[in-house]
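UniProt numbering numbers the first residue of the sequence shown as 1 and each following residue consecutively.
Since the hints were made in silico from the structure, they are not lab data. Beta carbons: idealized from backbone N, C-alpha and C, even for Gly. Hints are not guaranteed to be accurate.
[What the hints assert, rightly or not] Quick list of the computed label-pair ranges, beta carbon to beta carbon: (1) C125 to S170: 21 to 29 angstroms; (2) E100 to E144: 12 to 20 angstroms; (3) A60 to S136: 27 to 35 angstroms.
[As the list claims (entries may be wrong)] Cut-off 25 angstroms, straight-line C-alpha distance, at most; resulting in silico cross-link-like pairs (SDA-like, lysine to any residue): (4) K169 to L141; (5) K169 to D132; (6) K169 to S105.
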Amino acid sequence: MNHPLPSNSSLSSSSSSSSSSSSSLSSSSSPSPSFADRILAPLGFALLVLLVAVISYSFARRRRRRVGAHSHHGGSLPADPDDDDDSAGAADEIRAGLSEAAILSYPKLLYSKARLRRGGSSGSCCSICLADYRDSDVLRLLPECEHFFHLKCVDPWLKLHSSCPICRKSLLGS
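Just need the whole structure built from these sequences, with the hints factored in.
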């Protein structure tokens with residue numbers, strides 16, 4: 001049952017012989033590239049570049065779609081896909097909008113006239129769609145706070161909310 005353990009000297013001689021044989025192999029010929037070096041590394045790099053390109057394209061496309069949808073040339077604002085909340089707060093917010101008659105009672109004017117009315121201190125872009133105003137753009141003025149927006153941007157906002165998009169002043173008192 002007693003197995004003799006090899007002595008330290010026999011262990012060191014066997015390890016030195018294996019190390020000398022491996023050193024003679026490495027010095028005699030250069031090692032060939034492994035499978036990972038030849039195939040997997042370039043493939044991984046290519047997949048990383050592809051992933052970055054797909055993500056960049058996705059963000060650019062989403063941004064273009066959002067900016068295009070909110071443009072004053074494109075019509076009304078689309079419904080927000082993240083507003084799937086059926087809570088009571090969402091229902092109250094929908095009921096809190098202004099009536100069609102109240103919205104239509106707010107004055108409309110061309111940007112060229114709004115700029116003259118304000119003496120050059122008017123904003124240069126719509127705070128809803130972020131597009132620059134042009135002289136021919138039709139704007140709606142909120143009399144309570146004197147802010148104005150593209151007609152096609154602010155009307156859908158006012159149907160859902162009863163406050164100014166910039167200062168949040170209530171428009172129900174008028």
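Now the hints, each set against the structure:
1. C125 to S170: 21 to 29 angstroms: 24 angstroms, holds
2. E100 to E144: 12 to 20 angstroms: Given range 12 to 20 angstroms: holds, Cβ gap about 18 angstroms.
3. A60 to S136: 27 to 35 angstroms: 30 angstroms, holds
4. K169 to L141: 13 angstroms, holds
5. K169 to D132: With Cα atoms ~23 angstroms apart, K169 and D132 stay inside 25 angstroms; holds.
6. K169 to S105: 17 angstroms, holds
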